[in-house]
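Novice: Here are the chains, one letter per residue:
There are 4 protein chains.
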Amino acid sequence: MATEKDPESSLKLKLRRVIFGTDTPAGRYFDISLMVCIVMSVLLVFLDTVASVHERYGDMIVIMEWGFTFIFTIEYILRLYCSAKPLSYARSFYGVVDLLSVLPTYLALFFPGASFTMVIRILRLFRIFRVLKLLRYLSEGNLLLRAMMQSSRKVFIFFFSVSLIVVVLSAVMYVVEGPNNGFTSIPKSIYWTIVTITTVGYGDITPGTPLGQAIAAFTMLLGYSIIAIPTGILTAEISQEIGRTRDLRRCSNCLKVGHENNALYCDHCGSELESEL
Amino acid sequence: MATEKDPESSLKLKLRRVIFGTDTPAGRYFDISLMVCIVMSVLLVFLDTVASVHERYGDMIVIMEWGFTFIFTIEYILRLYCSAKPLSYARSFYGVVDLLSVLPTYLALFFPGASFTMVIRILRLFRIFRVLKLLRYLSEGNLLLRAMMQSSRKVFIFFFSVSLIVVVLSAVMYVVEGPNNGFTSIPKSIYWTIVTITTVGYGDITPGTPLGQAIAAFTMLLGYSIIAIPTGILTAEISQEIGRTRDLRRCSNCLKVGHENNALYCDHCGSELESEL
Amino acid sequence: MATEKDPESSLKLKLRRVIFGTDTPAGRYFDISLMVCIVMSVLLVFLDTVASVHERYGDMIVIMEWGFTFIFTIEYILRLYCSAKPLSYARSFYGVVDLLSVLPTYLALFFPGASFTMVIRILRLFRIFRVLKLLRYLSEGNLLLRAMMQSSRKVFIFFFSVSLIVVVLSAVMYVVEGPNNGFTSIPKSIYWTIVTITTVGYGDITPGTPLGQAIAAFTMLLGYSIIAIPTGILTAEISQEIGRTRDLRRCSNCLKVGHENNALYCDHCGSELESEL
Amino acid sequence: MATEKDPESSLKLKLRRVIFGTDTPAGRYFDISLMVCIVMSVLLVFLDTVASVHERYGDMIVIMEWGFTFIFTIEYILRLYCSAKPLSYARSFYGVVDLLSVLPTYLALFFPGASFTMVIRILRLFRIFRVLKLLRYLSEGNLLLRAMMQSSRKVFIFFFSVSLIVVVLSAVMYVVEGPNNGFTSIPKSIYWTIVTITTVGYGDITPGTPLGQAIAAFTMLLGYSIIAIPTGILTAEISQEIGRTRDLRRCSNCLKVGHENNALYCDHCGSELESEL
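Protein chains in written order, with the working numbering: chain A, 84 to 360; chain B, 84 to 360; chain C, 84 to 360; chain D, 84 to 360.
Simulated from the structure, these hints should not be mistaken for laboratory data.
Hints are supplied without guarantee of correctness; some may be wrong.
Same chains, same label: a pair holds when it works inside one copy or across any pair of copies.
Computed cross-link-like contacts, SDA-like style, restricted to lysine to any residue with a CA-CA straight-line distance of at most 20 Å [claimed, not checked]:
#	residue 1	residue 2
1	K95	G178
2	K271	D131
3	K168	I144
4	K97	A109
5	K95	I325
6	K271	I298
7	K168	I102
8	K271	D287
9	K97	G110
10	K271	H137
11	K271	Y140
12	K97	L208
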């Protein structure tokens, strides 16, 4: 019985290494071709929304969609089969996304509008970060994430203060400009204030009265200058993170860490540093 | 008499700890439910300006508005009652804002247009910073404020120079483009220059002549590049502030301060640092 | 004769200290009231371009304009009179600006269109920097100027590369979109590219073809990301400048300079630093 | 035979120093006049696309174009002639660009539409960097390039994450707003998202529904704040590069490198530094 189970578990193990792993050539090849399939299936959904493409290639796209759905269904079943704990995979974020990315095509047979939810497939692309791990891109991404974590409180305070200002400015603009100039309600006025303070400036709603234009000019100058605050916060944190991760060489003589990157000698005791970086 | 006064003052004291304090669970609970009431009452005023909502739920909103006003009136009276110095509370910024946030509903009985001033209630939200204090958000906010103070002179010089440039460019554009292209007056031309130099770009007024377009292009490039100046100033100051507040550990051997955050040993004398950070 | 000349030269000297100097109360008072006059006279010219204001207060503005011109004429004559070297004053930048700021009103008697050149008065406002000197604002401005000088070469290379990219993109967009979509000529296409790459986005000219929109999207993303380059350059230089100007205390024991701002002890030899900053 | 070849090779060598070299006065003069010719010939092509200019000066421009083509043809032949390895020059980037910049005028004789490809001449302007080398601009450019290289991985991760967000937001906006509000297809929706997230904001497509405007406001705030990330990355790297390149003076006593710019004494051993910077 042990011999009977061994081959099965060895097949499972082999599949698992290919499907879930990224450290074998087959695993990497599987991940990359999966990425290509996902990108292509999402591109198909996108192109199908263009009227001229839909008219011409609509039937072909439906067939290809079924093809991709078929591939993804098999992949999902294989993942369930070879996973060490199928249930915990099915409940995990990626497990749910994998299931949701095949369902829409089947559901669209019964509910025609369901095909748009196929866009959920794009979420599967986040798996690419696992492939990127191979390419050592992940540590750089982690550095950014750490810097963002470090600055999250300051950025939260910044955004909280900005939203209070936005709300007050919106109420003022609603009273000053009124519905005749497009400020039909305070929520719409908030939309305008955000369009203005972020310097997007669609121009679908613009102030018409001199006082409104003066307040608008003030809003713009405010938005133009406060962008410096989150930038300053993040820059300072990224600088710190880069400085922290760069040179952790420890002087073998005096134990000092944190020399400059191009240092040849310890800047305290003058003994030569090993270039193991 | 002292015994008669004690219970009363103990009630006052208890109320004061709940209403003004934030260090007891009851005080925190009171502050947070007050925040929720303020946000909801402001949201009501905002939604009431949407025509379709006003038609459908207008009556209900009026009733709820009165409910919130009733709550805030009682709160104001309680604050006056339990405050150690009622008069100095009534004259303080928050005291005036608290009064102004209940008056509009009563005034609207006699003057229909007064209800918009209810927006002043939003100013009460700044109280949230006191609640945030509990969550240690305030020190981060103070760091930002200190950095802004430090850079205020440089930023003032920057804005003063920019406004001189804006005025000169506006006068030139008024002469070049003239009223036919929407530059009906120099103040309007100043509005256009600010829209352009802050890279908002509504497009409600755009240059029509080749020379005007060339000057506009110059204005855009100017605005696009000078944003670097306030950003640079603030980033440098925030970096300094972060560096200053981070590692103030003093080496117990040589008394040096200002080591790097991850330093294990003093970078001057090599003795181990205490990790009390 | 010497006695006759002495009182005259003492009057000259007194006047010179008031008009050219900023270190006496009278000199400061003179400079500040001059600033107020200049700002008001420029504001008048600006408001006069607003049609409704011109109709109502046009006559009054003409009278006030003459009043200001009269004041500035007397001031110009006094400057010529009390200057140590009248000719070198008359030829200096401020001398020419002072003359040009009074001429337009007189010229407008003969040539009606000349009144707009009155805007040149605004240039006199740059004198305000002399007043600011009193308030120690100038050293901060100098720090910014030094940082800009330091980074000018890098910024020049940046702008040179960007303009090459702008020119190539403009030519491509002209070919792709053509005159039907508003890209009537390559110079106009360059205007569009600058509007887009600086993220101003008027919307007076927008791409209509899918390929044009793709190139436009690329242009936007380019402009959105390369703003980081001048910002990075300037921030780095400002950081350096701030660091350089801050702590120039020299350790009296080992002569090291450039300690951290909050350093109590020299970070090389450990001897106490004087806090003369 | 050696004597016969020597004069020829001396002519070749002389020409090569003028045409390819930049270290003789003649070489510099040649490069600068070539730059002027290139700029003027490109300007001609640009101005020729303006309808009014084409009508008036069209014939003159054709003649001048032939003149410039003639000059560039001779230059190309001379380069081929005097180059040490003519074939490797012809195959190099500049060799191909030089050829492509003269072909269009000749091709336009047979294929009228080919004249636009003349814009390729602008690529020759990149040669200016060689001239800039003389002015020591290149090392500054290299510093920028190195900083960009250093940050390329982080910036790639940033752009990859942003594009995933853009795609998801585009799909959502297409479903929310639909073709009636201008979101005719998902590719067009992607165009809108990029216009919005980069804060360009043309206003050719704007959300009409309240939900769409809320998502648009979120997109703007996102774009407004994430610009801080590439800026922070690049600023940190440029700071590092500037710090690294600035002071590489080595203390002659203890061999330490990396002193501050204004250091007079080595901050480790206190011996005086040579000011050879």
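Novice: Run every hint past the structure and note whether it holds.
Specialist: Now the hints, each set against the structure:
1. Taking identical chains as interchangeable, the C-alpha atoms of K95 and G178 lie at most 20 Å apart only when both belong to the same chain, with a minimum of 18 Å there against 58 Å between chains.
2. For a Cα distance limit of 20 Å, the shortest separation of K271 from D131 across copies, 12 Å, qualifies, whereas the shortest one inside one copy, 33 Å, does not.
3. In the homo-oligomer, the alpha carbons of K168 and I144 never lie at most 20 Å apart, since the shortest distance is 36 Å inside one protomer and 53 Å across protomers.
4. With identical chains, the CA atoms of K97 and A109 are at most 20 Å apart within one copy only, with a shortest distance of 10 Å there and 59 Å across copies.
5. Taking the shortest alpha-carbon separations for K95 and I325, neither the intra-copy value of 42 Å nor the inter-copy value of 52 Å comes in at or below 20 Å.
6. Taking the shortest alpha-carbon separations for K271 and I298, both the intra-copy value of 16 Å and the inter-copy value of 13 Å come in at or below 20 Å.
7. Proximity of K168 and I102 under a CA criterion of 20 Å is satisfied intra-copy only: 14 Å inside one chain copy versus 53 Å between copies.
8. In this assembly of identical chains, the alpha carbons of K271 and D287 lie at most 20 Å apart whether taken from the same copy (11 Å) or from different copies (18 Å).
9. In this assembly of identical chains, K97 and G110 lie within 20 Å of each other by CA distance solely inside one copy; the values are 10 Å within and 60 Å between copies.
10. Taking the closest pair of Cα atoms, K271 and H137 come within 20 Å of each other only across two copies (15 Å); inside a single copy the shortest separation is 35 Å, beyond that limit.
11. For the identical chains of this complex, K271 and Y140 are inter-copy neighbours only, at 18 Å across copies versus 40 Å inside a copy, given an alpha-carbon limit of 20 Å.
12. Proximity of K97 to L208 under the C-alpha cut-off of 20 Å is found in neither arrangement, the shortest distances being 24 Å within a copy and 57 Å between copies.
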